[in-house]
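Chain by chain, the residues run as shown.
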Amino acid sequence: MFGRITNMLIKEFIQLWRDKWGRFRLIAPPVIQLLLFGYAATFEVYHVPTAVLDLDRTQESRELVARFTSSNRLNIVRRAQTQDEIDAVIDRSDAAVALVIHAGFANLLRKGETAPLQVLVDGTNSNTALIALGYINTIAARFSQDYAADLAQRTLGIRGMTELIQVTIEQRPWYNPDFNGRWFFVPGVIATITLVMVVNLTAFAVVREREVGTLEQIMVSPIRPAEFILGKTVPFFVVGMGIAGLVTIVGILWFQIPFVGNPLVFVFGTMIYLLSLLALGLLISTVCATQQQAFATNFFVVNPLFTLSGFSFPISSMPDVLQWLTYINPLRYFLVVIRGTFLKGIGVGILWPDLLAMAAIAAVLLAISILRFRKSLE
Amino acid sequence: MKIRRLKAIAVKEILQIWRDPRSLMIALLMPFTQMFLLGYGVTLDLKHIPVCTFDREASQNSQALLKHFEASSYFAIVRNVRTYPALTAAIDRADCKIAIVIPPDFSERLNDSGSSSVQAILDATDDNTANIAFGYALAVVSGYAAEVALDALSRQGHQFQQIQPMTVQSRVWFNEDLESRNFIIPGVVAVIMALIGAQLTSLTISREWERGTMELLISTPVKPSEVMIGKLGPYLVLGWIDAAFCLMLAALWFEVPFRGTILTLFVTTTLFLIVVLGIGYLLSVLIRSQIGASQIALLLTMLPTTLLSGYVFPIDQMPMAIQDITYLVYSRYYVTIIKAIFLKGADIPALAAPILFLLVYATAVMVLAARAFRKSLD
Amino acid sequence: MTSPAPPDQAGNSDQVIADDLIKRFGAFVAVDHVSFRIARGEVMGFLGPNGAGKSTIIRILCGLLRASGGRASVAGIDVSRDPEGVRQRIGYMSQKFSLYRDLTVEENLRFFGGIYGVPRAELGARMRFAIDMAGLGGRERALVATLAGGWQQRLALGCAVLHRPPILFLDEPTSGVEPASRRRFWDLIHSLASDGVTVLVSTHYMDEAEYCHRAALINHGRLIAIGSPAQLKQTALGGELLLVECDAPGATLAALQDAPGVRDCSVFGDALHVLVGDAGKSLAELPEFLAAKGLRPRRMARIAPSLEDVFVQLIAADAASRREAA
Chain Z
1 MFGRITNMLI KEFIQLWRDK WGRFRLIAPP VIQLLLFGYA ATFEVYHVPT AVLDLDRTQE
61 SRELVARFTS SNRLNIVRRA QTQDEIDAVI DRSDAAVALV IHAGFANLLR KGETAPLQVL
121 VDGTNSNTAL IALGYINTIA ARFSQDYAAD LAQRTLGIRG MTELIQVTIE QRPWYNPDFN
181 GRWFFVPGVI ATITLVMVVN LTAFAVVRER EVGTLEQIMV SPIRPAEFIL GKTVPFFVVG
241 MGIAGLVTIV GILWFQIPFV GNPLVFVFGT MIYLLSLLAL GLLISTVCAT QQQAFATNFF
301 VVNPLFTLSG FSFPISSMPD VLQWLTYINP LRYFLVVIRG TFLKGIGVGI LWPDLLAMAA
361 IAAVLLAISI LRFRKSLE
Chain H
1 MKIRRLKAIA VKEILQIWRD PRSLMIALLM PFTQMFLLGY GVTLDLKHIP VCTFDREASQ
61 NSQALLKHFE ASSYFAIVRN VRTYPALTAA IDRADCKIAI VIPPDFSERL NDSGSSSVQA
121 ILDATDDNTA NIAFGYALAV VSGYAAEVAL DALSRQGHQF QQIQPMTVQS RVWFNEDLES
181 RNFIIPGVVA VIMALIGAQL TSLTISREWE RGTMELLIST PVKPSEVMIG KLGPYLVLGW
241 IDAAFCLMLA ALWFEVPFRG TILTLFVTTT LFLIVVLGIG YLLSVLIRSQ IGASQIALLL
301 TMLPTTLLSG YVFPIDQMPM AIQDITYLVY SRYYVTIIKA IFLKGADIPA LAAPILFLLV
361 YATAVMVLAA RAFRKSLD
Chain D
1 MTSPAPPDQA GNSDQVIADD LIKRFGAFVA VDHVSFRIAR GEVMGFLGPN GAGKSTIIRI
61 LCGLLRASGG RASVAGIDVS RDPEGVRQRI GYMSQKFSLY RDLTVEENLR FFGGIYGVPR
121 AELGARMRFA IDMAGLGGRE RALVATLAGG WQQRLALGCA VLHRPPILFL DEPTSGVEPA
181 SRRRFWDLIH SLASDGVTVL VSTHYMDEAE YCHRAALINH GRLIAIGSPA QLKQTALGGE
241 LLLVECDAPG ATLAALQDAP GVRDCSVFGD ALHVLVGDAG KSLAELPEFL AAKGLRPRRM
301 ARIAPSLEDV FVQLIAADAA SRREAA
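Protein chains in written order, with the working numbering: chain Z, 1 to 378; chain H, 1 to 378; chain D, 1 to 326.
Since the hints were made in silico from the structure, they are not lab data. Bear in mind that the values here come from a model prediction, so they are computed numbers and not experimental data. For every residue, glycine included, the Cβ atom is placed at its ideal position computed from N, Cα and C. Keep in mind that a hint or two might mislead.
Facing chain H, from chain D, some residues (calculated, C-beta under 7 Å) [as the list claims (entries may be wrong)]:
1) S94
2) S98
3) A292
Next up, chain Z with everything else stripped away, as it sits in the complex:
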């Protein structure tokens, strides 16, 4: 049995390696993608073009505006004089965000009432603006807090009180003290590139033989279904490790992502991840009769896997139904593993549920594949 598998393996490797373009397509695209997306994927916003309209023109309103001006998150491109001006600026997309302080702002503040700050967002440049909103919130909250403290101080001072109640919150960032967005995304990009490429390669593997007609020949030979599947997938396991290794090294060296964990844990986790990807590709391969179908199924399956994984959108923000779906997504678990080993340095003790989940997914999908494959031969 091992002889037959070895034969298959050798044949597969020769096929893979001999094709010059095939080699190129395995090496260049992952690296290019890593570089592109490593730079592109970011939720950090700086210098968001902002317009400001201060209709109050009081000390308080000016102070608030100053807070925004001094933040490097925003770039004040226009101090408008009228509402119409603001409308025009947003309409023309000259600014992604507009901050409007209406007349009476300071009055409300002094009376101890709620004073609104209006934020207008350009709908078509919304992502930048929505992200910026988070920072605007923070700046506003700090202003709010400081003003409250100040007001209380002055009030107490007037009334001769000495006590001042203040509760503050300090932040302690763990694992990524500089809030470097790359550290978050690059491992994610590594995981995603591996997903897309390995599933595609494997999905085509068996179908190709079926479509070209060589499958029948192989099936007539004494090889058993399980052996055939092993023979088909092991080369892609090796290729997958190669791709993952390649982009990991480039990621670490080029983007200088720190790696504080145990390399063995990472390698082990990657292997299990690859197994689950192989199993998935294999399942696709066994349910499709032509490569076109495998290709279409790829898009159908891989796109949601990639989107609903925690790569960029937090799973906790998704509706419950979708959150449950992520439990069968190997990428979800691997993201925890890769981010954990790179940035947190955690080990198998913490990661075992994720490793187990991926292994379980791999086992189940593999079993289904082999069953389906056997059935299709009858």
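Please arrange chains H and D on chain Z, whose structure you already have, making use of the hints.
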């Protein structure tokens, strides 16, 4: 160009599409599955951020503070730990993204010096969530602080209505509520259309090479342009159907306000479809193996469309070099167009710039594809 | 199956001309200075082992490959200068089955009818003709994938002649087809040829050369013999042929290699074919020679050489001369 030959090619392609029901079904189902999954899964709103609390004092004060967190819709308390190692584990395991630590002398210091502080331990591996979570935490704590101060002052006989001086009130341009979904969904439509387009045409020529039918076809008088238009025609129709599904879902199910005209939508969508289908076709012409074409198609569509089109990651925040590259990402223009049509009611003149880009793209791709189709075996 | 009727010589001009054709793939020479002419209405067979270059030559003539050197002219048109002009005038069957398996018989025919611009008024009749010729009456709606090999090939031929091309290039149309179907196929080729169609057929079944007006033997990219079956048998063999039936063919073969007057010896089925200079002389001498070695053949007789004999001999000779040259 002979219409008769063109028609023959188109009829053949239609018959072949019809005889591959699985691929057809996937192509027609994709709008629905992807719209639902991505429409609900993709979100820039951070809600229910998992929080872990470590109340080392366990007093009425500390509990009151934690109640504020509980009440906030931004946070979801997932764990209350009692030890520091448990907190570390929770962060390491990614059970929570932020941990609120209340020191054991919280109330004491509040009573003594009137000021106290709590800690927010942030899992900064996800820097964006960490930043925003901290901003929200800041606001929550401010609210609590104001309450405490108010309480203290009123106990001392002073009357204040309210010491929450200011709130940020966001009103999003063109929309009354800040539903990020309204901005994401148009982008999702663009992404889905790009993926469907690639899936439809990327293998169409390669398939014929692998099956052997292309050799016979090129021995006939048929012209490359006839093959191209004959083949793309049916896929354009499929693309229209898919686009109609996506757009109807966006407007009717997701209730994204639609302010534009159907005509503008139709014209721009057709143009985009031509680009997308044309690129798939071009790939298919250049790469005569299906697996090769599939790999390059994936390289050029799946990740670039989702990461570089501006539908999630803001283009203006990317490094300049990458921003320049996004000019090549065709889905970028359609994202802009769709958002503008839906949210701003933009018409064709207003969209002149992106339309022009798409027009240039479409022409270039079609010309290239016709030229690249060589009627020879080598 | 006898040789076909000779082609109509009246108003003849050579429909296919290959002049010193060369094709290289990198360092490998697939077609090595090949020249030949095919007259109108002639059925020319290309024979030779797999990989000899038959398909390559045909593809060059169809304009599917560019020759590295030499000239090719089809229907009076220079192939390299105007490949498109050639395409309307030819019908082609490629070695690998090229019809659309996921389309029906009718749909395939209609497709090629449209591609070749068969006038609409005629299309129905032409399709009928093709269906009848292929024997697919009643199965017009069948998916091509469900047809057996022989039917598929006949249908492919039908698709190739819808537009009445004056020249047909058929690349191994009888490969993998069972003998009865093969014969039927050749009948079809002959009926087309008798209507004036020039046909170039390649095959690796040596006996099919008998069905051609002329046959060309290709080996390692070179044309090593060309002529009518009769000519080839007469001149190419270089000797006379004996049939030897025996119980120990291996030993007998080995013994005969050194026998006097024996030029060559090879196994044919379960007997031996022995090439000798003088049949009569050898028939008298060989039994003794073999008996001395303890071998007693059951039967020895002179036989008329078949083309297969001729070709086997020619190829062996060619191989020998290549070895010497190397």
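Evaluated hints:
1. The interface hint given for S94 of chain D is met, as the beta carbon of that residue sits about 5 Å from the closest beta carbon of chain H, less than 7 Å.
2. For the restraint placing S98 of chain D at the interface with chain H, the shortest Cβ-Cβ distance is roughly 4 Å, inside the 7 Å limit, so the hint holds.
3. Hint status for A292 of chain D relative to chain H: violated, with the closest Cβ pair at about 57 Å, above 7 Å.
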